[in-house]
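The listed protein sequences correspond, in order, to chains A and B. Be aware that the first sequence starts at 503, since it is given in the working numbering, and climbs by one per residue. Be aware that the second sequence starts at 503, since it is given in the working numbering, and climbs by one per residue.
Hints are not guaranteed to be accurate.
Any copy, or any two copies together, can satisfy a pair, since identical chains are not distinguished.
DSSO-like mimics (lysine-lysine), calculated; alpha carbons at most 27 angstroms apart, straight line [to be verified]:
no. : residue 1 : residue 2
1   : K583      : K569
2   : K666      : K569
3   : K566      : K583
4   : K505      : K566
5   : K566      : K666
6   : K583      : K666
These are computed hints drawn from the structure, not numbers from a lab.
2 protein chains.
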Amino acid sequence: MRKEIRLSGAGGQGMILAGIILAEASLFDPELYVVQTQSYGPESRGGASRAEVIFSNEPIDYPKVVKADILVCLTEESLEKYGEEVTDEGVVIADDSFGGGYYHPERANFYSLPIITTAREEIGLEVTANMVALGVVDSFLPEIDSSCLERAIERRVPQGTEEKNLAAFQAGQELLANVIE
Amino acid sequence: MRKEIRLSGAGGQGMILAGIILAEASLFDPELYVVQTQSYGPESRGGASRAEVIFSNEPIDYPKVVKADILVCLTEESLEKYGEEVTDEGVVIADDSFGGGYYHPERANFYSLPIITTAREEIGLEVTANMVALGVVDSFLPEIDSSCLERAIERRVPQGTEEKNLAAFQAGQELLANVIE
């Protein structure tokens, strides 16, 4: 088992924190190896942001995402950049603010969801879009228990914002449940 | 130019945040490529924590530390674990709470410094030991401007703690200046 997850968006959308929380949630599973990475380079100066998490039940020799099993894109730019680097059965989760319907109509596992809108309107705090996204990702990660993700969120978000962030996470879980029903 | 930095210690000592700040400081240099990684695995369940940062002026193909150019160890366990994975000219910065004098007496660039004591007694906040350590690291990183590190600290530490963390960073810079004089 090796699972590669890439979280991408604009700087300030909290993709790095989401990656750290995802990685830390794995700490509750004593058998799992996890590597969590962020890269910065001349190509990301425009404000793009990307975090990667790799889970495996063996030590991880190659710690870079090659083809994502799960890709999150909060901006159109990130979907254009990473949309092709996904496995055939991989899941692509994109914010619906940029349509996205044009993307891979043949891809079964493409979800265009109101992630940012949910954060802004339901939670009242747009910066929690990263936690809404994590809630969506959670549904595709049977390896990680939801309660472990919730404990990692409580540990890592700024003090005093735990409740809003947990609510955002749960809103993300529901977002997907509504679409799939 | 490729420079590998490993920050190690116990969980809760803020090595991951220090790694992120170090990586983000590089954003102010438009030419630099940076990868920042943390790994979790069965071997780290005891509460060990490790973050790695690699800087390069070319795209980084292999994003893992092989031999560190700079190694920070806030615990004796981490010095024992990573102390040998350092280049010949590499710098080892260890907290002085565990002696460390026994380690590599032939190594010219070994610094045993009161990092945790400085955080606790001078700043009044032991959790700022990670920023004291960053202040020490800064002196060995001519590639990164101190003011960029300070701006990254302000961006990333919890709101309201900026001043204490910046003071800790500056105390770290002085710590080394005092030793070298």
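| Within, between, both or neither: K505, K566 at alpha-carbon 27 angstroms | Result: close both inside a copy and across copies, 11 angstroms intra and 19 angstroms inter.
| Under a CA distance limit of 27 angstroms, which applies to K666 and K569: within one copy, between copies, both, or neither? | neither (32 angstroms within a copy, 42 angstroms between copies)
| query | For K583 vs K666, is the C-alpha pair at or below 27 angstroms within one copy, between two copies, both, or neither? | reply | neither (31 angstroms within a copy, 39 angstroms between copies)
| Is it within a copy, between copies, both, or neither that the alpha carbon of K566 lies no farther than 27 angstroms from that of K583? | This pair counts as both: shortest intra-copy Cα distance 16 angstroms, inter-copy 24 angstroms.
| said: At most 27 angstroms between CA atoms: does that hold for K583 and K569 within a copy, between copies, both, or neither? | reply: within (13 angstroms within a copy, 32 angstroms between copies)
| task | State whether the alpha carbon distance between K566 and K666 is at most 27 angstroms within one copy, between copies, both, or neither. | result | Answer is neither: 32 angstroms inside a copy and 35 angstroms across each miss the 27 angstroms cutoff.
In this structure, the hints that do not hold are numbers 2, 5, 6, in rising order.
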